[in-house]
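Asker: As they're listed, the protein sequences go chains A and B. Count along the first sequence from 1, then add 1236; that gives the number in my numbering. Count along the second sequence from 1, then add 7; that gives the number in my numbering.
Heads up, a few of these hints could be off.
Taking lysine-lysine and the DSS-like style, the derived pairs with C-alpha atoms no more than 30 angstroms apart in a straight line are [said to hold, decoys possible]:
1) A:Lys-1290 - B:Lys-234
2) B:Lys-234 - A:Lys-1397
3) A:Lys-1368 - A:Lys-1290
4) B:Lys-145 - B:Lys-118
5) A:Lys-1368 - A:Lys-1238
6) B:Lys-161 - B:Lys-234
7) A:Lys-1427 - A:Lys-1360
8) B:Lys-145 - A:Lys-1238
9) A:Lys-1481 - A:Lys-1360
10) A:Lys-1481 - A:Lys-1397
11) B:Lys-234 - A:Lys-1303
12) B:Lys-79 - B:Lys-132
Partial chain B-side listing against chain A, Cβ under 10 angstroms, derived [as the list claims (entries may be wrong)]:
13) Ala-82
14) Asp-219
15) Glu-221
16) Leu-223
Hint data in this document are derived by calculation from the structure and do not stem from the laboratory. Note that the structure is predicted; figures quoted are calculated from it, not measured. Ideal Cβ positions, reconstructed from N, Cα and C, are used throughout, including at glycine.
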Amino acid sequence: MKELKIKDLHVEVEEKEILKGVSLTVGQGEVHALMGPNGNGKSTLLAAVMGHPKYRVTSGSITWDGKNVLEMSVDERSRAGLFLAMQYPQEIPGVTNSDFLRAAMNVRRESPVPLFTFIRSMEKTIRDLEMKEDLAHRFLNEGFSGGEKKRNEIVQMELLKPDLAMLDELDSGLDVDALHIVARAINNMRKEYPLSLIVVSHYERFYELIEPQFVHVLVDGKIVTEGDAELARRIDREGYDWIYKDYNVQPSSEAAAEKKTRVSLGSCAVSEKVQAKK
Amino acid sequence: MKRIHVSEDIRLREGFEEFVIESDRDLDLSISSSGTCQAFFRIHHAKSLRIRAHVERNSEVSLVFWNEGHAKLTADESYEVNENAHLSVAHGECSGGETERNIYVALREKKARAEILSASLINEKKSYRMNVVNFAPKTYGEMRNFAVVLSEGKLMIDAVGKIVKGARGSVSHQTSRAMSFAPGQNTTILPELLIDENDVEASHAMSIGRVDDEQLYYMMSRGLTMKQCTALISAGYLMPVADVLENEEIRTALRSELERKIESL
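Kindly generate the complete structure, drawing on both the sequences and the hints.
Answerer: Here is the structure:
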C-alpha cells in the first residue's frame, strides 16, 4: 500500500522558516483537505513534497511508499507517482501540450506510447475536461485563461495517472461549471483506482464535490487541529478566528504583512521609509 | 534534388526545389525567380558561399539554408527585393563548425517585403551581420534570430534595420533571442535602427538569458528529466525556422534532425 508519511517537517524559504514541524500521513485512496489562512504554509508543504528547489527542508522526513522522497529529484518524485496541480501553472512557449504530455507519459513506460493510442487518450481527456479541441497543438499554457490553465493541470493528471495528487488551490480561477467538470474528472479517476489526494482549497463547495475524509488546519507552519469534513464546514461558516482562540495560535506573515505601512503614489517613498525607521 | 559543386546561375522554378551544396571551393550562386518558389539548400560543404538573389516583381520566394557541415563556413548573401515581391530567408545552423555570415537585403521598390529568420544551435563561434534597408515607400523588413547557446558557444549578432529618407510608410522590425542552459557561453547582440524618415514603424527586441527555473521545475514535476526539458524547449525555440517552407516532408525531417542534435548534446 502506497503511503505518504511526513514527519516533523521543517521548511525554509529564503532563510525564513515557513513550516515548523508538520506531520501528516496519507494512506492509499484517502482524501485529505489542507486548510488554513493564506501564507501559513499550505502551498509550502505541497511544494516541499514535490521538491521545488526554493523550498529547503531543514529537518524532518518525507517518505513515499517507504522510500526517502527527500533524496529524489523532482522528476524522480513524479515518476514515483507524485503529482502537484500547481496554483500558478507555468507557460512554456514553443512546447506544445501534446509533445509535452507524450514525453511525460513515455518517461514512465518501458516502450513509448503508440501515437494512435496517445491521440485517442488525449482526445478523450480533452473531452472529459471540456476543453477546446485545439488544446493538443497549443503551446503549454501559453495564453491560457486562469481557468484553462487549471483544467489543463487535470488533463495532465488524467493522462499521467499519479498515485498521489496534490491540488493547490485548483478551484481558484474556475467558475461553478468548470469546478463541476474538474471535480467530476477527479472523482472518475478515483473510481478507476485508489488515487490519494491532498487538496488545498478555501472553498467548502469544492470539498463538497471531492469529499475529504480528513481535514487538517495549518496555522503558522503547524497543524493546529484535525478533523473530518465537518471541520471544513465549520470553517466555512465561522472562519478561522475560533481556531486562533481555542488553540491559542496567531496566523503568520500575510496577516502581519497587511499591516505594513503602505506608501502612496505621489509621496516620497524614501522619506516615508526613513521616517518609519525613526 | 540537385547537387551544386561549382558556381552557377540558378533559375528557381515555380513550386519546391531541393539543393545540396557540396564543394571544396569558393562558390558563387546567382539566384533568380518569378512566381511562387520555395527552395531548400542543404549545405554539406563549402569553403565560402556568395549568394546574389533577385526577387522579381510580384513574386514570392522562400529560401531555407540548412548548414550541417563541420568545417568553417563564410557566407556573403545579398538580396534585391523588387516591387510587391515577398522574400523569406531562413538560416538553420546546427553545424559543428564556425560560421561567419553577412546578409544584405535591399527593399528596392515599393511594397517589397523581406523576412529574415535564423535558428542556431551554437557550440562554436557564430557571427552574423545583417542589414535590411528600406529604400522605397511602404516596404517591410523583419529580422528574427533565435539561438540556443551551449557552453562552448560564442554568438555575435549585429543586426541593422535602416529606413532611408523618402521610404514613407515603411516598417522595420527585429527580434533577437538567445537562450542558454549552462554557464560559459558568450553572447553579444547589437540591435540597431537607423531611421531617416518620420512616417515609419520600427522596433527592436532582444533577450539573452537562461531558461527560467520555475519553467524547468514545472516540466520536471511531470517526470521529464532536465535533459528532456532542455531538448523540448530548444526544439520549440528553434523550430519556427522550418515553417518558412510549406513542404511538410522537409519540415518533419528538419524537426527530427534538430531533436536528434539536441538530444545528443
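Asker: A separate judgement is required for each hint: does it hold in the structure or not?
Answerer: Evaluated hints:
1. A hinted pair counts as satisfied when its Cα atoms are at most 30 angstroms apart, and A:Lys-1290 with B:Lys-234 qualifies at roughly 20 angstroms.
2. Straight-line distance between C-alpha atoms of B:Lys-234 and A:Lys-1397 comes to about 23 angstroms, which keeps the hinted pair within the 30 angstroms bound.
3. A C-alpha spacing of about 34 angstroms is found between A:Lys-1368 and A:Lys-1290, which places the hinted pair above 30 angstroms, so the restraint is violated.
4. Distance restraint check for B:Lys-145 and B:Lys-118: the Cα-Cα separation of roughly 5 angstroms lies within the 30 angstroms cut-off, and the hinted pair is therefore satisfied.
5. At roughly 35 angstroms between alpha-carbon atoms, A:Lys-1368 and A:Lys-1238 are farther apart than 30 angstroms, so this suggested pair is violated.
6. Distance hint between B:Lys-161 and B:Lys-234 is fulfilled; the C-alpha atoms sit about 21 angstroms from each other, no more than 30 angstroms.
7. Between A:Lys-1427 and A:Lys-1360, the direct Cα distance comes to roughly 17 angstroms. Compliance with the 30 angstroms bound is thereby established for this hinted pair.
8. In summary, the hint linking B:Lys-145 to A:Lys-1238 is not supported, as the alpha carbons are separated by about 67 angstroms, beyond the 30 angstroms threshold.
9. Restraint check: the Cα-Cα separation between A:Lys-1481 and A:Lys-1360 comes to about 49 angstroms, which exceeds 30 angstroms; the hinted pair is violated.
10. Simply put, A:Lys-1481 and A:Lys-1397 have alpha-carbon atoms about 41 angstroms apart, too far for the 30 angstroms limit, and the pair is violated.
11. Using a Cα cut-off of 30 angstroms, the hinted pair B:Lys-234 and A:Lys-1303 holds, with the two alpha carbons roughly 24 angstroms apart.
12. Using a Cα cut-off of 30 angstroms, the hinted pair B:Lys-79 and B:Lys-132 holds, with the two alpha carbons roughly 9 angstroms apart.
13. For B:Ala-82, the shortest C-beta to C-beta distance to chain A is roughly 26 angstroms, which exceeds 10 angstroms, and the interface hint is violated.
14. Hint status for B:Asp-219: holds, given a least beta-carbon distance of 8 angstroms to chain A, under 10 angstroms.
15. The closest approach between the C-beta of B:Glu-221 and any C-beta of chain A is roughly 6 angstroms, which is under the 10 angstroms cut-off, so the hint is satisfied.
16. At a threshold of 10 angstroms, the smallest CB-CB gap from B:Leu-223 to chain A is about 9 angstroms, leaving the interface hint in force.
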